[in-house]
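Chains as they are written, first to last, in our numbering: chain A, 1 to 251; chain B, 1 to 573; chain C, 1 to 263.
Since the hints were derived computationally from the structure, they do not count as laboratory data.
Treat the hints loosely; a few may be bogus.
Unchecked claim - List time: in silico SDA-like cross-link candidates among lysine to any residue, alpha-carbon distance up to 25 Å: (1) B/Lys303 with C/Lys43; (2) C/Lys67 with B/Ser257; (3) C/Lys67 with C/Thr90; (4) C/Lys67 with B/Met50; (5) B/Lys58 with C/Arg237; (6) C/Lys66 with B/Ser257; (7) C/Lys145 with B/Ser257; (8) C/Lys43 with B/Arg296.
Chain by chain, the residues run as shown.
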Amino acid sequence: MPIIGDRVEIERKPKLGGGGPGKIPHRRGYGGGDDGDHGGSGDFRSREQRMRRYRIGMMLCIISVTAIFVLLTMVYVFRMGKGRYDEDAHRWIHDWVPLHLPYLQLWLNSLLLLLSSTTLELARRSMARKEEFAAMGIVPPRMKRDMPWLGITVLLGCFFLAGQILVWNSLRHQGVFLDSSPSRSLFYILTGTHAVHLVGGLLVLLYAVAGRLMAIRFESQRIAVEVTGWYWHYLAFLWFGIFALVHFARG
Amino acid sequence: MPTSTSNPGSSEKPGFFRHTFSTDHKVIGRQYFFLSLAAVLAGAWLSLLMRIHLVWPKAAIPFLGEIKPENYLAYLTMHGTLMVFFVLSTVPQSGFGTFFLPLQLGAPKMAFPRLTAAGFWIAFVSFLVLIATFFVPGGASGAGWTQYPPLSALASAGPGQALGTDLWLVSIGLFCVASLLSAIGFVITTIRYRAPGMTWMRMPLTCWAWFVTAILILLAFSILLVALTMLMLDRHAGTNFFIPGGLLVSGKSIEHSGGSALLWQHLFWFFGHPEVYIAILPAMGITSHLLAVFARKPVFGYKAMVGATLAIGALGFMVWGHHMFTSGMNPYAGFAFSTLTTAIAVPSAIKTFNWVATLYGGKIRYATPLLFSAGFVSLFITGGLTGPILAQPALDTYLHDTYFVVAHFHLIMAMAGLFAIFSATYFWFPKMFGRMMNERLGRLHFWITLFGAYATFMPMHLLGIAGHPRRYSDLTGVQYVAAMAPLQKFITVAAIVTISGQIIFMVNLFWSMRRGPAADANPWECTTLEWALPSPAPEEGFGVQRPQVSHGPYEYNVTGAEKDFVMQDAPAS
Amino acid sequence: MSAALRLGILLVVLGCLYLFLAQPYWFPAGVSSQSALIDHQFKIAFWVLGAMFVAAHLVLAYVLSKKTRSNGKASGGSWRLEVTWTLAITAVFFWLHISGDRLWSSTMISEPAGQIPLEVTGAQFQWYFRYPGPDGVFGRIDAQKFAKADEGNPLGIDPADPAGRDDFVSTVMVLPVGHVVQLHLRAQDVIHSLFIPAMRFKQDTVPGMEIHSHFTPTQTGVYEIACAELCGIGHYRMRATVRVVTEQEFEKWLKAHAKTSGE
Numbered sequence: 001m002p003i004i005g006d007r008v009e010i011e012r013k014p015k016l017g018g019g020g021p022g023k024i025p026h027r028r029g030y031g032g033g034d035d036g037d038h039g040g041s042g043d044f045r046s047r048e049q050r051m052r053r054y055r056i057g058m059m060l061c062i063i064s065v066t067a068i069f070v071l072l073t074m075v076y077v078f079r080m081g082k083g084r085y086d087e088d089a090h091r092w093i094h095d096w097v098p099l100h101l102p103y104l105q106l107w108l109n110s111l112l113l114l115l116s117s118t119t120l121e122l123a124r125r126s127m128a129r130k131e132e133f134a135a136m137g138i139v140p141p142r143m144k145r146d147m148p149w150l151g152i153t154v155l156l157g158c159f160f161l162a163g164q165i166l167v168w169n170s171l172r173h174q175g176v177f178l179d180s181s182p183s184r185s186l187f188y189i190l191t192g193t194h195a196v197h198l199v200g201g202l203l204v205l206l207y208a209v210a211g212r213l214m215a216i217r218f219e220s221q222r223i224a225v226e227v228t229g230w231y232w233h234y235l236a237f238l239w240f241g242i243f244a245l246v247h248f249a250r251g
Numbered sequence: 001m002p003t004s005t006s007n008p009g010s011s012e013k014p015g016f017f018r019h020t021f022s023t024d025h026k027v028i029g030r031q032y033f034f035l036s037l038a039a040v041l042a043g044a045w046l047s048l049l050m051r052i053h054l055v056w057p058k059a060a061i062p063f064l065g066e067i068k069p070e071n072y073l074a075y076l077t078m079h080g081t082l083m084v085f086f087v088l089s090t091v092p093q094s095g096f097g098t099f100f101l102p103l104q105l106g107a108p109k110m111a112f113p114r115l116t117a118a119g120f121w122i123a124f125v126s127f128l129v130l131i132a133t134f135f136v137p138g139g140a141s142g143a144g145w146t147q148y149p150p151l152s153a154l155a156s157a158g159p160g161q162a163l164g165t166d167l168w169l170v171s172i173g174l175f176c177v178a179s180l181l182s183a184i185g186f187v188i189t190t191i192r193y194r195a196p197g198m199t200w201m202r203m204p205l206t207c208w209a210w211f212v213t214a215i216l217i218l219l220a221f222s223i224l225l226v227a228l229t230m231l232m233l234d235r236h237a238g239t240n241f242f243i244p245g246g247l248l249v250s251g252k253s254i255e256h257s258g259g260s261a262l263l264w265q266h267l268f269w270f271f272g273h274p275e276v277y278i279a280i281l282p283a284m285g286i287t288s289h290l291l292a293v294f295a296r297k298p299v300f301g302y303k304a305m306v307g308a309t310l311a312i313g314a315l316g317f318m319v320w321g322h323h324m325f326t327s328g329m330n331p332y333a334g335f336a337f338s339t340l341t342t343a344i345a346v347p348s349a350i351k352t353f354n355w356v357a358t359l360y361g362g363k364i365r366y367a368t369p370l371l372f373s374a375g376f377v378s379l380f381i382t383g384g385l386t387g388p389i390l391a392q393p394a395l396d397t398y399l400h401d402t403y404f405v406v407a408h409f410h411l412i413m414a415m416a417g418l419f420a421i422f423s424a425t426y427f428w429f430p431k432m433f434g435r436m437m438n439e440r441l442g443r444l445h446f447w448i449t450l451f452g453a454y455a456t457f458m459p460m461h462l463l464g465i466a467g468h469p470r471r472y473s474d475l476t477g478v479q480y481v482a483a484m485a486p487l488q489k490f491i492t493v494a495a496i497v498t499i500s501g502q503i504i505f506m507v508n509l510f511w512s513m514r515r516g517p518a519a520d521a522n523p524w525e526c527t528t529l530e531w532a533l534p535s536p537a538p539e540e541g542f543g544v545q546r547p548q549v550s551h552g553p554y555e556y557n558v559t560g561a562e563k564d565f566v567m568q569d570a571p572a573s
Numbered sequence: 001m002s003a004a005l006r007l008g009i010l011l012v013v014l015g016c017l018y019l020f021l022a023q024p025y026w027f028p029a030g031v032s033s034q035s036a037l038i039d040h041q042f043k044i045a046f047w048v049l050g051a052m053f054v055a056a057h058l059v060l061a062y063v064l065s066k067k068t069r070s071n072g073k074a075s076g077g078s079w080r081l082e083v084t085w086t087l088a089i090t091a092v093f094f095w096l097h098i099s100g101d102r103l104w105s106s107t108m109i110s111e112p113a114g115q116i117p118l119e120v121t122g123a124q125f126q127w128y129f130r131y132p133g134p135d136g137v138f139g140r141i142d143a144q145k146f147a148k149a150d151e152g153n154p155l156g157i158d159p160a161d162p163a164g165r166d167d168f169v170s171t172v173m174v175l176p177v178g179h180v181v182q183l184h185l186r187a188q189d190v191i192h193s194l195f196i197p198a199m200r201f202k203q204d205t206v207p208g209m210e211i212h213s214h215f216t217p218t219q220t221g222v223y224e225i226a227c228a229e230l231c232g233i234g235h236y237r238m239r240a241t242v243r244v245v246t247e248q249e250f251e252k253w254l255k256a257h258a259k260t261s262g263e
């Protein structure tokens with residue numbers, strides 16, 4: 001296994017022209033992008049390297065997703081605070097229609113999502129254990145508590161989505177539509193965008209679950225679960241952020 | 001160890017399908033290059049039509065006939081969209097970046113090559129959708145590339161505002177996705193795929209620019225995607241984000257209420273200003289790189305350059321309000337945005353200083369890429385110096401939406417960007433296509449383009465100062481505008497000459513691709529890693545033998561070296 | 001090539017100098033109280049930045065020559081130079097910026113007293129100017145319900161509102177010289193922008209908003225108004241005029257209009 005911590009850069013003191021002709025003492029294997037990669041393209045295909053690439057990729061996705069939700073939150077707050085200019089009364093009027101949310105269902109959904117986050121973490125750990133065995137060259141013994149955590153996570157994720165659809169349905173029965181008022185539009189958009197992102201995560205998990213049937217390499221499966229884990233937890237976190245927003249900033 | 005990147009045994013050409021849908025970053029880079037070439041031809045053609053219509057409104061164009069006001073607006077919208085998205089933010093980043101980022105870093109390939117390939121094909125579809133808007137009923141969108149609602153939100157507001165605008169939104173939405181996919185590959189390649197010894201401070205400035213730009217793309221295009229979705233929902237799902245109540249459009253009441261037209265402007269420019277830097281940062285990186293190569297000198301102030309790149313990237317997200325001084329935004333916000341805008345001028349000035357200082361004392365080689373890079377610096381100075389005028393809200397209220405602004409952004413973004421693209425094309429052509437471009441034609445092209453660019457855009461400042469609003473399809477509607485027709489005619493002639501001059505470039509490009517003299521591995525005597533490979537860059541890239549980097553990127557004019565430069569992968573002494 | 005390149009750059013500079021010093025087109029004569037201030041501010045910026053343009057190009061032409069060629073070790077940079085330059089350019093830019101901010105606060109933020117109220121409405125592709133009549137109050141507007149251009153009510157003034165009875169709408173902006181005009185800017189359909197170059201005035205009119213702004217005409221005469229925000233196919237012909245008249249003439253004009261729209 002490559003040593004990760006060893007990143008000492010031996011470089012002559014800060015010359016402004018880093019690109020200048022100053023000679024920079026070189027030691028093999030140091031300072032490069034791939035810490036501890038001792039050359040040879042084979043290393044790029046190693047599990048460790050792949051995992052790191054996917055992790056950075058996931059971080060980038062999370063950055064993008066964050067930008068999206070920060071923007072939507074800003075729109076929400078802006079719209080709620082500012083209201084609409086009434087040309088007849090010559091003043092800003094507060095036209096924010098408070099939301100009446102089906103809290104029971106929302107809490108239930110939150111619970112489902114939280115549970116799915118937990119089961120995904122369990123799935124990740126069980127896979128990590130298997131991998132350790134595999135690394136030691138031991139065929140993992142069939143563990144007694146080898147629950148199909150991944151499958152359970154997918155199911156819980158589906159339940160969450162179904163729950164969200166129920167929430168939207170019950171709002172629709174109250175006469176709350178996407179085009180009713182800004183508060184409602186934004187509620188649908190925030191939760192809808194969240195759901196769309198969750199479906200993305202779900203698809204990757206399905207790929208990992210189907211891995212057993214479709215003979216996808218264990219390694220790919222493991223990366224998928226590991227990386228989706230971050231995403232999934234982040235989406236759960238986001239969900240509570242959205243929930244808090246629509247609860248505390250009802251108007 | 002089996003590798004998929006190198007296969008020295010088999011030399012047969014891959015089939016058409018495999019070649020077209022290749023995941024090789026070099027193939028994709030070339031594909032982006034040609035996509036942008038198509039886009040720039042279309043965009044330039046549209047600008048010609050606009051210029052001709054402005055001063056000879058009765059002129060009948062072959063196949064098109066007389067141009068109507070709605071056609072003019074469609075042309076200006078599409079000209080802006082094509083040039084901003086498919087040319088200025090595509091070639092320098094997705095084109096040259098996809099091709100050269102892995103090579104300059106000594107990487108075996110782009111990280112997630114299939115993502116990169118998918119990015120290109122989505123961009124390609126997006127381009128087709130955009131072009132298709134010309135042929136739908138009502139024609140292409142005519143609300144300008146900024147698509148301000150309610151004009152863009154209401155199908156009844158104009159001829160191109162129905163299907164044309166829907167498809168415009170779809171096309172740019174796809175382009176957002178494509179850019180995001182491609183940006184992910186850039187960032188991961190830079191972080192994970194650098195060759196051993198390629199420290200951050202040994203990266204060429206091009207790579208720094210591509211890296212920072214990719215991060216800007218990740219943030220900016222996500223935001224645009226949200227804004228586009230919201231506009232689409234306003235158009236078709238009955239939401240009210242951007243459409244206020246009580247509207248009466250061409251005698252018909254609009255059943256919307258409660259939206260804010262300014263919200264779109266905030267969202268759009270929150271994307272739109274970083275977008276400007278997405279277009280120009282890679283161009284700056286290319287120029288910094290080429291000036292060092294052709295001055296045979298290290299870049300002056302490499303670390304200051306990196307710092308300025310990062311500062312521009314960060315500040316770029318805080319200045320959007322300077323597009324909105326006259327929008328009805330709170331006038332107090334004008335102070336904040338004006339201050340931040342002035343602040344962003346500083347890193348740009350640092351870069352300019354370093355470019356000039358890099359040239360100072362160099363043994364300059366006056367090849368075509370240097371000429372275009374020098375042209376970039378000149379245009380960047382000229383276009384940049386009107387920035388501090390437009391950054392002042394009091395002056396901007398007068399100059400906003402006049403030809404002064406048109407002159408400003410065409411010089412600093414369009415022309416400077418284009419000059420960087422040209423210099424990069426002449427410079428990297430041997431590595432991309434294995435042949436050299438013709439120097440004589442290149443020089444001729446440079447002179448026509450330099451004088452043409454100045455002759456076209458400098459007089460526009462005067463039009464703006466005299467109060468000529470932009471986006472007028474006809475000069476006869478307002479009397480004081482009609483009085484400016486002589487200068488407009490001069491500009492049109494200059495534009496025709498400039499654009500015709502680009503035929504020289506096209507001829508040079510396609511002739512050299514087939515007939516140009518075969519290029520050596522390192523014709524310009526550069527230090528960076530792409531020149532360690534034969535020309536054209538072979539499919540397997542560096543293959544199994546990864547370069548071992550021991551030197552900085554700009555070790556030119558080194559005393560004691562056998563040549564006047566030291567390659568980055570030369571053994572350490 | 002070195003000489004040609006330097007010559008080319010010099011030619012560019014000379015061409016630009018000619019354009020900007022000959023000034024074949026320039027600001028129209030300023031006829032509002034803020035025009036002198038804005039012109040002065042522009043002049044300062046123009047000379048400072050113009051000098052920088054010329055200087056930068058001369059330096060560029062100089063460094064592109066072979067004369068500076070040195071055989072010694074090339075410099076990779078110098079923090080001292082870098083910092084000096086940064087501080088210098090920051091000082092110049094922010095000095096310009098601060099003087100600009102002062103002007104902005106004097107023209108936009110402070111609101112002088114004694115105003116002529118005037119409502120401006122942009123509609124595709126026509127400007128409407130509404131005067132409140134003798135009562136000084138604008139009547140209610142509901143464009144969707146009442147607006148009928150052919151019945152002389154293009155803005156949709158509510159006939160039930162007594163404040164609106166004496167309002168009248170003109171397609172020419174008529175103003176008395178020397179008085180502050182308090183503008184209420186609105187739009188009926190899409191965004192327009194009221195641009196009066198001679199007054200150095202520009203303000204977008206945004207549907208759903210009523211924006212307040214003001215200016216003071218200082219000379220009598222007729223000046224053109226243009227639309228400066230893309231508003232559709234007729235954007236280029238969305239023209240109107242502002243007629244600045246003496247106070248007596250203005251009173252007469254008001255009375256004449258009050259009579260005709262009295263019933």
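Results for each hint:
Of the supplied pair hints, the one linking B/Lys303 and C/Lys43 is violated, its CA atoms being roughly 37 Å apart against a limit of 25 Å. For the hint pairing C/Lys67 with B/Ser257, the CA-to-CA distance comes to about 68 Å; that exceeds 25 Å, so the pair is violated. A C-alpha spacing of about 30 Å is found between C/Lys67 and C/Thr90, which places the hinted pair above 25 Å, so the restraint is violated. Pair hint C/Lys67 plus B/Met50 does not hold up; C-alpha atoms about 45 Å apart against a cutoff of 25 Å.
Of the pairs offered as hints, the one joining B/Lys58 and C/Arg237 holds, with about 17 Å between alpha carbons and a cut-off of 25 Å not exceeded. Distance check on the hinted pair: C/Lys66 and B/Ser257 sit about 67 Å apart at the alpha-carbon level, beyond 25 Å; violated. Only pairs whose Cα atoms come within 25 Å are accepted, and C/Lys145 paired with B/Ser257 is accepted, the gap being roughly 15 Å. At most 25 Å may separate the alpha-carbon atoms for a hinted pair to count; C/Lys43 and B/Arg296 exceed this at roughly 41 Å.
In summary, the numbered hints that this structure violates are 1, 2, 3, 4, 6, 8.
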